[in-house]
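Assemble the complex: chain A is given as a structure, and chain L must be docked to it using the hints.
There are 2 protein chains.
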Amino acid sequence: MAEKTVKVAVIGFGTVGSGVAELLLEDVDYIEARTGIKFELARIVDIDTERERHIVLSDGLLTDDLNSVLEDNSIDIAVELVGGTTVARDIQLKLLAAGKNVVTANKALLAEHGNELYAAAHKADKCIAFEASCAGGIPIISAIRTGLAANKIKAIYGIVNGTCNYILSNMTEKNMPFSDALEQAQEKGYAEADPTLDINGSDSAHKLAILASIAFGCEITLKDILIEGIESIDISDIRYGREMGYTLKLLAIGEKLDDGRIFLRVRPCFISSDSTLARVGGPFNAVSIFGHAVGQTMFYGRGAGMMPTASAVVADIIEVAMGNSIKLFKHVKLETRDEANDPIGNIDDLVSRFYIRLKVLDKPGGFAKICTILADKDISISGVLQHEEHNENNVVPAVVITHPTEQKKINSAIEDLGRLDIVRDKPVCLSIVDIPEDSDE
Amino acid sequence: MAEKTVKVAVIGFGTVGSGVAELLLEDVDYIEARTGIKFELARIVDIDTERERHIVLSDGLLTDDLNSVLEDNSIDIAVELVGGTTVARDIQLKLLAAGKNVVTANKALLAEHGNELYAAAHKADKCIAFEASCAGGIPIISAIRTGLAANKIKAIYGIVNGTCNYILSNMTEKNMPFSDALEQAQEKGYAEADPTLDINGSDSAHKLAILASIAFGCEITLKDILIEGIESIDISDIRYGREMGYTLKLLAIGEKLDDGRIFLRVRPCFISSDSTLARVGGPFNAVSIFGHAVGQTMFYGRGAGMMPTASAVVADIIEVAMGNSIKLFKHVKLETRDEANDPIGNIDDLVSRFYIRLKVLDKPGGFAKICTILADKDISISGVLQHEEHNENNVVPAVVITHPTEQKKINSAIEDLGRLDIVRDKPVCLSIVDIPEDSDE
Numbered sequence: 001m002a003e004k005t006v007k008v009a010v011i012g013f014g015t016v017g018s019g020v021a022e023l024l025l026e027d028v029d030y031i032e033a034r035t036g037i038k039f040e041l042a043r044i045v046d047i048d049t050e051r052e053r054h055i056v057l058s059d060g061l062l063t064d065d066l067n068s069v070l071e072d073n074s075i076d077i078a079v080e081l082v083g084g085t086t087v088a089r090d091i092q093l094k095l096l097a098a099g100k101n102v103v104t105a106n107k108a109l110l111a112e113h114g115n116e117l118y119a120a121a122h123k124a125d126k127c128i129a130f131e132a133s134c135a136g137g138i139p140i141i142s143a144i145r146t147g148l149a150a151n152k153i154k155a156i157y158g159i160v161n162g163t164c165n166y167i168l169s170n171m172t173e174k175n176m177p178f179s180d181a182l183e184q185a186q187e188k189g190y191a192e193a194d195p196t197l198d199i200n201g202s203d204s205a206h207k208l209a210i211l212a213s214i215a216f217g218c219e220i221t222l223k224d225i226l227i228e229g230i231e232s233i234d235i236s237d238i239r240y241g242r243e244m245g246y247t248l249k250l251l252a253i254g255e256k257l258d259d260g261r262i263f264l265r266v267r268p269c270f271i272s273s274d275s276t277l278a279r280v281g282g283p284f285n286a287v288s289i290f291g292h293a294v295g296q297t298m299f300y301g302r303g304a305g306m307m308p309t310a311s312a313v314v315a316d317i318i319e320v321a322m323g324n325s326i327k328l329f330k331h332v333k334l335e336t337r338d339e340a341n342d343p344i345g346n347i348d349d350l351v352s353r354f355y356i357r358l359k360v361l362d363k364p365g366g367f368a369k370i371c372t373i374l375a376d377k378d379i380s381i382s383g384v385l386q387h388e389e390h391n392e393n394n395v396v397p398a399v400v401i402t403h404p405t406e407q408k409k410i411n412s413a414i415e416d417l418g419r420l421d422i423v424r425d426k427p428v429c430l431s432i433v434d435i436p437e438d439s440d441e
Numbered sequence: 001m002a003e004k005t006v007k008v009a010v011i012g013f014g015t016v017g018s019g020v021a022e023l024l025l026e027d028v029d030y031i032e033a034r035t036g037i038k039f040e041l042a043r044i045v046d047i048d049t050e051r052e053r054h055i056v057l058s059d060g061l062l063t064d065d066l067n068s069v070l071e072d073n074s075i076d077i078a079v080e081l082v083g084g085t086t087v088a089r090d091i092q093l094k095l096l097a098a099g100k101n102v103v104t105a106n107k108a109l110l111a112e113h114g115n116e117l118y119a120a121a122h123k124a125d126k127c128i129a130f131e132a133s134c135a136g137g138i139p140i141i142s143a144i145r146t147g148l149a150a151n152k153i154k155a156i157y158g159i160v161n162g163t164c165n166y167i168l169s170n171m172t173e174k175n176m177p178f179s180d181a182l183e184q185a186q187e188k189g190y191a192e193a194d195p196t197l198d199i200n201g202s203d204s205a206h207k208l209a210i211l212a213s214i215a216f217g218c219e220i221t222l223k224d225i226l227i228e229g230i231e232s233i234d235i236s237d238i239r240y241g242r243e244m245g246y247t248l249k250l251l252a253i254g255e256k257l258d259d260g261r262i263f264l265r266v267r268p269c270f271i272s273s274d275s276t277l278a279r280v281g282g283p284f285n286a287v288s289i290f291g292h293a294v295g296q297t298m299f300y301g302r303g304a305g306m307m308p309t310a311s312a313v314v315a316d317i318i319e320v321a322m323g324n325s326i327k328l329f330k331h332v333k334l335e336t337r338d339e340a341n342d343p344i345g346n347i348d349d350l351v352s353r354f355y356i357r358l359k360v361l362d363k364p365g366g367f368a369k370i371c372t373i374l375a376d377k378d379i380s381i382s383g384v385l386q387h388e389e390h391n392e393n394n395v396v397p398a399v400v401i402t403h404p405t406e407q408k409k410i411n412s413a414i415e416d417l418g419r420l421d422i423v424r425d426k427p428v429c430l431s432i433v434d435i436p437e438d439s440d441e
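Which chain is which? The protein sequence lines are A and L, in order. Each residue of the first sequence is one higher than the one before, starting from 1 at the first, in this note's numbering. Each residue of the second sequence is one higher than the one before, starting from 1 at the first, in this note's numbering.
For reference, chain A alone in the conformation it holds in the complex (with noise of 0.2 Å):
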């Protein structure tokens, strides 16, 4: 018998919700086995009760009332799906203030206000879980705050767009202008009809602002992040990359430096080809995470679909009814950020080396002016690819490769290197990001 029945309840039933309905419903035994709690599927609510979904419901389960939900005291927790940052604030502010614990996917709504959210479950002794709300089935918010609890985190790389990777992926094995493959990636359904927010970082930056704050345990939000998209990648700086031994990647990056300062930065980024992440392909979703005493760790798996990101909400539910997310939730006391003494770096502070890729008119002198624009600011080479090419207009491709220098100094070299009466179109930059690998071979 079991040892106790928790009421759940699921607002938005779209393709997570039915996901989860579906394992509440079908999984019931199971779950009481290994948790000895009995979960109760008691309200689902939606605005549309009559379009079909895949699971089919006993009468009553579903309804558009809201009410039901929050009236209800026999319910403990609350599923919240229903998306965006303006009914679903409202949604959680009044089922937090029903006394309900809430479980999310809700990556936009807690990035923006995630410190409004968490203040209103700490007054109301509730918690909110949202393991769903990053990296889909991986359980990275889980094994940051539990798994890695003894360490220090020093980084975070991650893999967390599943559209973005499946892009990149596509353009680079086979070769795909950015157009073909998102048109792909629409087709298998891996991207939205309205792609943008995944394509432009927005999606990445969300679940960055989420993972950051808890690694690093300090108030992250969107302006803390720069970030930038994919859309504009071109097929040639892919190629160019991978005879450098380089593979582009979408990545959300965390790290805080010995100096305290942390950076945060969502972009296309080359990183080596051997590197565990490079290999990470199609939809898949992964995430780095360095810990003072850890080392190196990855979790990889499927950052979006129903069946796994149900998997992280019910992981969530069962979490919250066992009683240890409130616990844990008590610690999401992220340090107020403090004007004097931010620990957000700024990015032009940032070191990195870099990729640029110049369409040059191939006349002599023309690379003495390209490498003193760059002495000047004080950047060095470290490589040169240029191949052999004529076209009409006589432009070559020229790809410079930097030692780490300053994001400032680069900003500044390719606002010159654009002016140059030899330079041709808007200069391509590309951050080169070195992960630090420990595999000390």
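Warning: the hint list may mix true and false statements.
Here are the in silico distance ranges between beta carbons for each label pair [what the hints assert, rightly or not]:
| # | chain 1 | residue 1 | chain 2 | residue 2 | range |
| --- | --- | --- | --- | --- | --- |
| 1 | L | 382 | A | 273 | 29 to 39 Å |
| 2 | A | 323 | L | 258 | 27 to 37 Å |
| 3 | L | 382 | A | 60 | 47 to 57 Å |
| 4 | L | 99 | A | 40 | 33 to 43 Å |
| 5 | L | 258 | A | 64 | 35 to 45 Å |
| 6 | A | 384 | L | 391 | 45 to 55 Å |
| 7 | L | 381 | A | 384 | 47 to 57 Å |
| 8 | A | 48 | L | 378 | 48 to 58 Å |
| 9 | L | 363 | A | 189 | 49 to 59 Å |
| 10 | A | 189 | L | 348 | 38 to 48 Å |
| 11 | L | 189 | A | 340 | 42 to 52 Å |
Here are the simulated lysine-lysine pairs, DSS-like style, with alpha carbons at most 27 Å apart [unchecked claim]:
| # | chain 1 | residue 1 | chain 2 | residue 2 |
| --- | --- | --- | --- | --- |
| 12 | A | 38 | L | 154 |
| 13 | A | 188 | A | 174 |
| 14 | L | 330 | A | 330 |
| 15 | A | 330 | L | 38 |
| 16 | A | 377 | A | 408 |
| 17 | L | 363 | L | 426 |
| 18 | A | 409 | A | 377 |
| 19 | A | 154 | A | 330 |
| 20 | L | 377 | L | 409 |
| 21 | L | 330 | A | 327 |
| 22 | L | 330 | A | 7 |
| 23 | A | 123 | L | 4 |
| 24 | L | 152 | A | 4 |
These are calculated hints, taken from the structure and not from any lab test. In this text, a Cβ means the ideal position worked out from N, Cα and C, and glycines have one as well.
Leaving out everything else, chain L in the frame of chain A:
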């Protein structure tokens, strides 16, 4: 101020013990900030109290008297890091009887005496936490029990012995024979002076017994596991495999088939060189877990070493102190097995593809004889590799890849092949494992 103080004792002050002491002493404030718990390292017990360790302890902390822990009711958690299956067993039983929760990294002890110890813990209303027993710093036990709690686990494929992975990686990448690779592993500190338990597969089998019993909720001991090591792996097989797109790894595999049968084995296996696990190099560990909801996941990191293992031990100490471990532990009620209805499948019935290498006398009709034996056993050939090679004895290597077939059929065929007059030496037979990647490109 700390919400509570928890006293911890460490029994066994070797490498991992020193790492645990370091984390508990140096990071006490950091851990308190994240958990609300102030840990006090109250006692360290070791038979050797004189040897210099890398960490300086305050006077009186180190003792050789276990009773000083057993009799101190203020100590709530004791970490057993003595190792082995005799003294350590006594110590754990005494600690439990004295009302301590036990944290351990001792995989051999749990694999051999887990049921006895779990029963003693249940009786004492205490728990045994053993994250550090499998795959070092990778939080894999926690992942199976909490992060993937909503999943029925279908399969585990693990690289869980860093020594073997380092040796096989060097054999593969540097074309190094086994003996040289082992020597290098010893020089680097990745292999013990006596590496037997690592290279003969026992260590991996201990970990598989623990992982599989948790994943499948079923009592599993070493005798349920087919165990083969890497001692007799010939570099030529690694090379032929690579030619055909396979990489050799020592895998610990637990699979639960749809009919409920569980197959368990540790042996060198060929896997596709494109698979995620094939790319795990050097001393790293990785465990792929397949869940019915989440699909494929993989957890990667350091499987051994002072600080990675200490990271897992301290994570467990925190979970025990927060009261989470005891709740989970109560549900480690492994199904006692019923002789009439044993879920453990007989390895003879295991279906796999196989790689067979024979040294064959190069004369007309030779290959026909081989094919006839395979055909007689109902084994179909999916590929053949025979290079034009000649040596003084007119003996050539022939490699045959089979379609999926039962282990007992292949065993019988290998026996018959070995008896053929044209076959020199013992035939080599290695399993080819098709890891179900759901990468749906």
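Query raised in the report: Between residue 123 of chain A and residue 4 of chain L, does the CA-CA distance stay at or below 27 Å?
Result: holds, 22 Å
Requested in this report: For residue 258 of chain L and residue 64 of chain A, compare the CB-CB distance with the range 35 to 45 Å and indicate the outcome.
Outcome: Since the Cβ atoms of residue 258 of chain L and residue 64 of chain A sit about 39 Å apart, the hinted range of 35 to 45 Å holds.
Query raised in the report: Taking 33 to 43 Å as the hint, is the beta-carbon distance of residue 99 of chain L and residue 40 of chain A inside that range?
Result: holds, 36 Å
Query raised in the report: Does the alpha-carbon distance linking residue 409 of chain A and residue 377 of chain A stay inside the 27 Å limit?
Result: Distance of about 6 Å is within 27 Å: holds.
Query raised in the report: Given the hinted pair residue 38 of chain A and residue 154 of chain L, is their alpha-carbon gap at most 27 Å?
Result: Between residue 38 of chain A and residue 154 of chain L the Cα gap is close to 23 Å, so the pair holds against 27 Å.
**Report entry** Straight-line alpha-carbon gap residue 363 of chain L to residue 426 of chain L, limit 27 Å
**Finding:** holds, 19 Å
Query raised in the report: Given a hinted range of 27 to 37 Å, is it respected by the beta-carbon distance of residue 323 of chain A and residue 258 of chain L?
Result: Taking Cβ atoms as reference, residue 323 of chain A and residue 258 of chain L lie about 35 Å apart, which means the hint holds.
Requested in this report: Decide if the proposed pair is consistent with the structure: residue 152 of chain L and residue 4 of chain A, CA atoms, cutoff 27 Å inclusive.
Outcome: With Cα atoms ~21 Å apart, residue 152 of chain L and residue 4 of chain A stay inside 27 Å; holds.
Requested in this report: For the range 42 to 52 Å, tell me whether the beta carbons of residue 189 of chain L and residue 340 of chain A fit it or not.
Outcome: Taking Cβ atoms as reference, residue 189 of chain L and residue 340 of chain A lie about 46 Å apart, which means the hint holds.
Query raised in the report: Is the hinted range of 47 to 57 Å satisfied by the C-beta distance from residue 382 of chain L to residue 60 of chain A?
Result: holds, 55 Å
Report task. Can you let me know if the beta-carbon spacing of residue 384 of chain A and residue 391 of chain L is within 45 to 55 Å? Result -> Once the Cβ atoms are compared, 49 Å apart, the range 45 to 55 Å for residue 391 of chain L and residue 384 of chain A holds.
Query raised in the report: Are residue 382 of chain L and residue 273 of chain A spaced within 29 to 39 Å by their CB atoms?
Result: Hint holds: Cβ distance 31 Å, inside 29 to 39 Å.
Going through the hint list in order, the structure satisfies each hint without exception.
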